[in-house]
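Enquirer: Chains as they are written, first to last, in my numbering: chain A, 1 to 479; chain B, 1 to 479.
For the record, the hints were derived by calculation from the structure and aren't laboratory data. Incorrect hints may appear among the rest.
Stated by the list, open to error - Distance windows between CB atoms, simulated: (1) K202/A - F116/B: 24 to 34 Å; (2) Y135/B - Q15/A: 20 to 30 Å; (3) G72/A - R113/B: 21 to 31 Å; (4) Q312/B - I402/A: 54 to 64 Å; (5) Q312/B - I11/A: 19 to 29 Å.
As the list claims (entries may be wrong) - Taking lysine-lysine and the DSS-like style, the derived pairs with C-alpha atoms no more than 30 Å apart in a straight line are: (6) K407/B - K383/B; (7) K204/A - K202/B; (8) K35/B - K204/A; (9) K172/B - K202/A; (10) K396/B - K449/B; (11) K385/A - K275/A; (12) K202/A - K449/B; (13) K75/A - K172/B; (14) K149/B - K382/A; (15) K202/B - K446/A; (16) K27/B - K275/A; (17) K27/B - K174/A; (18) K22/A - K275/B; (19) K149/B - K466/A; (20) K22/A - K174/A; (21) K407/B - K382/B; (22) K275/B - K204/B; (23) K204/B - K204/A; (24) K407/B - K396/B; (25) K149/A - K385/B; (26) K149/A - K139/A; (27) K247/A - K27/B; (28) K383/A - K139/A; (29) K202/B - K69/A; (30) K248/B - K27/A; (31) K27/A - K275/B; (32) K149/A - K248/B; (33) K149/A - K41/B; (34) K383/B - K149/A; (35) K383/A - K149/B; (36) K22/B - K174/A.
Source: prediction; values computed, not measured. Don't be surprised by glycine CBs; every beta carbon is placed ideally from N, CA and C.
Number of protein chains: 2
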Amino acid sequence: MNNRLNRNSEIPLYQQIEQIIKEKIVKGEWPAGTKIPSQRKLADIFRVNRSTVTAAIDELTASGLLEGKRGGGTKVTNHTWKSLSAVRPLDWTSYVRSGIHRPNSTTIQEINRQEFNEGMIRLGTGELSPELLPYRQMKEVLAGAEAEKLSLGYEEPKGNRYVREAVAEHLKRKGVNTSPDSILIVSGALQALQLIAIGLLKRKSAVLTERPSYLYSLHVFQSMEMRLFGIPVDESGLDPAFIPACKKQYGADLLYTIPSFHNPTGRQMSEDRRKELIRISKAYSLPIIEDDAYGDLWLDGPPPPPLKAFDQDGSILYVGTLSKTVSPGLRIGWVAGPEPVIERLADIKMQTDYGSSSLSQWAAAKWLAGGLYEQHLATIRKKLKIRRDAALRSLKAHCQAIATWEKPSGGFYIWVTFHKPLPLNTLFERALKKNVLINPGTLYDKEAKQSIRLSYSYASISDLEKGIRTVAELARELM
Amino acid sequence: MNNRLNRNSEIPLYQQIEQIIKEKIVKGEWPAGTKIPSQRKLADIFRVNRSTVTAAIDELTASGLLEGKRGGGTKVTNHTWKSLSAVRPLDWTSYVRSGIHRPNSTTIQEINRQEFNEGMIRLGTGELSPELLPYRQMKEVLAGAEAEKLSLGYEEPKGNRYVREAVAEHLKRKGVNTSPDSILIVSGALQALQLIAIGLLKRKSAVLTERPSYLYSLHVFQSMEMRLFGIPVDESGLDPAFIPACKKQYGADLLYTIPSFHNPTGRQMSEDRRKELIRISKAYSLPIIEDDAYGDLWLDGPPPPPLKAFDQDGSILYVGTLSKTVSPGLRIGWVAGPEPVIERLADIKMQTDYGSSSLSQWAAAKWLAGGLYEQHLATIRKKLKIRRDAALRSLKAHCQAIATWEKPSGGFYIWVTFHKPLPLNTLFERALKKNVLINPGTLYDKEAKQSIRLSYSYASISDLEKGIRTVAELARELM
Chain A
1 MNNRLNRNSE IPLYQQIEQI IKEKIVKGEW PAGTKIPSQR KLADIFRVNR STVTAAIDEL
61 TASGLLEGKR GGGTKVTNHT WKSLSAVRPL DWTSYVRSGI HRPNSTTIQE INRQEFNEGM
121 IRLGTGELSP ELLPYRQMKE VLAGAEAEKL SLGYEEPKGN RYVREAVAEH LKRKGVNTSP
181 DSILIVSGAL QALQLIAIGL LKRKSAVLTE RPSYLYSLHV FQSMEMRLFG IPVDESGLDP
241 AFIPACKKQY GADLLYTIPS FHNPTGRQMS EDRRKELIRI SKAYSLPIIE DDAYGDLWLD
301 GPPPPPLKAF DQDGSILYVG TLSKTVSPGL RIGWVAGPEP VIERLADIKM QTDYGSSSLS
361 QWAAAKWLAG GLYEQHLATI RKKLKIRRDA ALRSLKAHCQ AIATWEKPSG GFYIWVTFHK
421 PLPLNTLFER ALKKNVLINP GTLYDKEAKQ SIRLSYSYAS ISDLEKGIRT VAELARELM
Chain B
1 MNNRLNRNSE IPLYQQIEQI IKEKIVKGEW PAGTKIPSQR KLADIFRVNR STVTAAIDEL
61 TASGLLEGKR GGGTKVTNHT WKSLSAVRPL DWTSYVRSGI HRPNSTTIQE INRQEFNEGM
121 IRLGTGELSP ELLPYRQMKE VLAGAEAEKL SLGYEEPKGN RYVREAVAEH LKRKGVNTSP
181 DSILIVSGAL QALQLIAIGL LKRKSAVLTE RPSYLYSLHV FQSMEMRLFG IPVDESGLDP
241 AFIPACKKQY GADLLYTIPS FHNPTGRQMS EDRRKELIRI SKAYSLPIIE DDAYGDLWLD
301 GPPPPPLKAF DQDGSILYVG TLSKTVSPGL RIGWVAGPEP VIERLADIKM QTDYGSSSLS
361 QWAAAKWLAG GLYEQHLATI RKKLKIRRDA ALRSLKAHCQ AIATWEKPSG GFYIWVTFHK
421 PLPLNTLFER ALKKNVLINP GTLYDKEAKQ SIRLSYSYAS ISDLEKGIRT VAELARELM
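One chain only, chain A, in its complex shape:
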């Protein structure tokens, strides 16, 4: 909206703003009932004094287009349209509230929005920092398109053949033998979970997972009325000894696990534990979704082979992605599993988005097949290790007296638990005011009221230090 203001115009700025807002209302972009941005936010957007915004809002309120809300805020009135026509305006609000899918938690919505504010120190963001993203190599890949067989049409339901072959080769290097026919290309690991939720499970199904788990921060299963049950985690990972009881008590239908560099705890499941998990889940006919998003991001040494490498009878759906290693924006991931399951998921995928971007699939094939992926991994492992060690140093300097944590041997995350209870929401808000964005532990386990997930992958090393120091100071005040 800002770029429509003309600062050299004879028309006062407040009147220009009034006009811009009026247009948004008249065009239906802000329909009746819309809560408009706060005056502070509008002042930011238009880069004017708050008094200028206040003058515009006052005019619009006087003309009956806006009204103050109880409890603060300003919304677009309903009676606007009554005066213009006899027809009641469409009440989108009821539509927005009544969809089947749950909205993201307000904390996550706030995080999603704040992440795009410049100057924010993002201590919770689970992505590679822009400085770690391979822009140069991607440009080279794209420039090389001349000689390549680019695909602009729809792809096969399971995805482009070349990228599936490249994924099969990639998995072979990790000890997983699977054919391209047993692989589905998806738009990131999250979509794999979405397809599994709507394609393989009944409503009310019970899904087991680590506690805490990334899965709790999503609504992918919960929106389909499925129930999540958390299994305790020890230093070797999820403890499969709890499975029999869960199976008996909840009739568990599926187990979701991140065995390597778990999100959010950073823990690694040992090889013995992996074999034990497979043995027990087989005995109880419990299929497993293995999320291996972080497996290639080891820092001190490779993790044990994926669960899928020990899978003898196709009871594991293996999920991988390029989002954490090459580019989240590519939106390319994969699922490997029994063919009838993969075909079912492919059919559902065709029904929801007709397949993933062929441009992204083509680029992914180039990355995986040409050795570029492995080269790039070697570079970012080094850089992530430096970041991890810096974060650990900052933690030691500022948090030793107030919190505990473990050194992760790969991935992006350190799970920091404060010694004493503290109001996490207040910590989140106060940190935000100081331009530090954190991910409260309650996103991953509603009982984890003393923990935060710290990510060393995104913020710069100096920001990591600054951000950790700020959070430590705020936490001390609140404890």
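Fit chain B to the supplied structure of chain A, relying on the hints for placement.
Expert: Frame of chain A; chain B shown alone:
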């Protein structure tokens, strides 16, 4: 599987095939209960005589890995695993059958599969032919990445800012004034419908649409337990006079329409009818989804402005896409509507796939902003017109005595209705045997048992002639 056969080996081919199939079973790619491909199909895959396949299957059956199914076919046995372990194998079949989302209709699944068979004349395919896809221009766009601000990270929830600005400009040229804040970038128009289904509607909601309609061929609303009601169409498009009764009888919650170059009828809604539709749906508080996938593909003259251009109070969600004009593989579309609705859909999108491919979004921005899109449209309009006229000539030559149709003034489709009833499934199967793939009318209206949707966008002109002649001959036999 074929490329694993060694035709120079001392090991007989049937034993090699036996080994390959055994591996697929042992690795769990074909778990217990899987129906394996027919012997005819396996012979095709391995490029061997059918007797060679039979020998391999016989061996595997004798060893207890496979068994004949009642009613034909061969499946992987259950007792395989019983002999190897005391543990019952995981029964994926029940998972595959029990998901919430319905499978595609078997006809559509068959079409999806057959489309990738070489030599098939695709008379039903609603896509641009590879010869109409802009490979050269796309390569130039990609090669130009060096100078551009490529984005490899996650994008904002509503999508990349540059592409939303480019879409807003594009819409302005069509008479639709909307700001980038009111636009959501999606992975094609189908995803827009998916997000609307799970984000804005309750279970059991009633959705009105044209009859026949493309919407009937999807399960996007039906899988969420919503009900579809068809409204009759005349030469000016959907007849809004039926809306009051539908609203009263079914409590309609939403209306979906394709006003320009309708799929599958090719019809165009007149300007008066558009205004009338808006007037009536406003009076009955019925929001509209306008699908404008084909609006830019006019052949004889531009269609009336989109419904959205007449929308005064944000009761229309406008859906557009690059799939039908530039590249389906890009998977880029957009929804324009009231901001609170767009924000709700953006939140759901973040929860299902974390946004569309940033590579595709970047390429789409380059296409829309640089004039490339308009240039390309001018070219394909000319070529589509030649194809449409050729298809009409072939219809006249072969079908005049047995069917009726209208000349579409844009888009991809001709709706051909035979004079007499005929078994459409048999027509579909016999055409398939002659390597001609058609889309039966029943996909779009279960009562349209005498119609097929003919597309002139995909097959070459000589294939269009050959395919139409073949279908005419088969139809004559069956009528």
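Enquirer: For every hint, state whether the structure bears it out.
Expert: So, going through the hints one by one against the coordinates:
no. : hint                        : in the structure
1   : K202/A - F116/B: 24 to 34 Å : holds, 32 Å
2   : Y135/B - Q15/A: 20 to 30 Å  : violated, 51 Å
3   : G72/A - R113/B: 21 to 31 Å  : violated, 57 Å
4   : Q312/B - I402/A: 54 to 64 Å : holds, 58 Å
5   : Q312/B - I11/A: 19 to 29 Å  : holds, 25 Å
6   : K407/B - K383/B             : holds, 16 Å
7   : K204/A - K202/B             : holds, 18 Å
8   : K35/B - K204/A              : holds, 29 Å
9   : K172/B - K202/A             : violated, 45 Å
10  : K396/B - K449/B             : holds, 21 Å
11  : K385/A - K275/A             : holds, 28 Å
12  : K202/A - K449/B             : violated, 34 Å
13  : K75/A - K172/B              : holds, 27 Å
14  : K149/B - K382/A             : holds, 26 Å
15  : K202/B - K446/A             : holds, 28 Å
16  : K27/B - K275/A              : holds, 17 Å
17  : K27/B - K174/A              : holds, 16 Å
18  : K22/A - K275/B              : holds, 24 Å
19  : K149/B - K466/A             : holds, 29 Å
20  : K22/A - K174/A              : violated, 59 Å
21  : K407/B - K382/B             : holds, 16 Å
22  : K275/B - K204/B             : holds, 29 Å
23  : K204/B - K204/A             : holds, 18 Å
24  : K407/B - K396/B             : holds, 11 Å
25  : K149/A - K385/B             : holds, 28 Å
26  : K149/A - K139/A             : holds, 17 Å
27  : K247/A - K27/B              : holds, 26 Å
28  : K383/A - K139/A             : holds, 21 Å
29  : K202/B - K69/A              : holds, 27 Å
30  : K248/B - K27/A              : holds, 29 Å
31  : K27/A - K275/B              : holds, 16 Å
32  : K149/A - K248/B             : violated, 54 Å
33  : K149/A - K41/B              : holds, 28 Å
34  : K383/B - K149/A             : holds, 24 Å
35  : K383/A - K149/B             : holds, 24 Å
36  : K22/B - K174/A              : holds, 23 Å
In this structure, the earlier hints numbered 2, 3, 9, 12, 20, 32 are contradicted, and the remaining ones agree with it.
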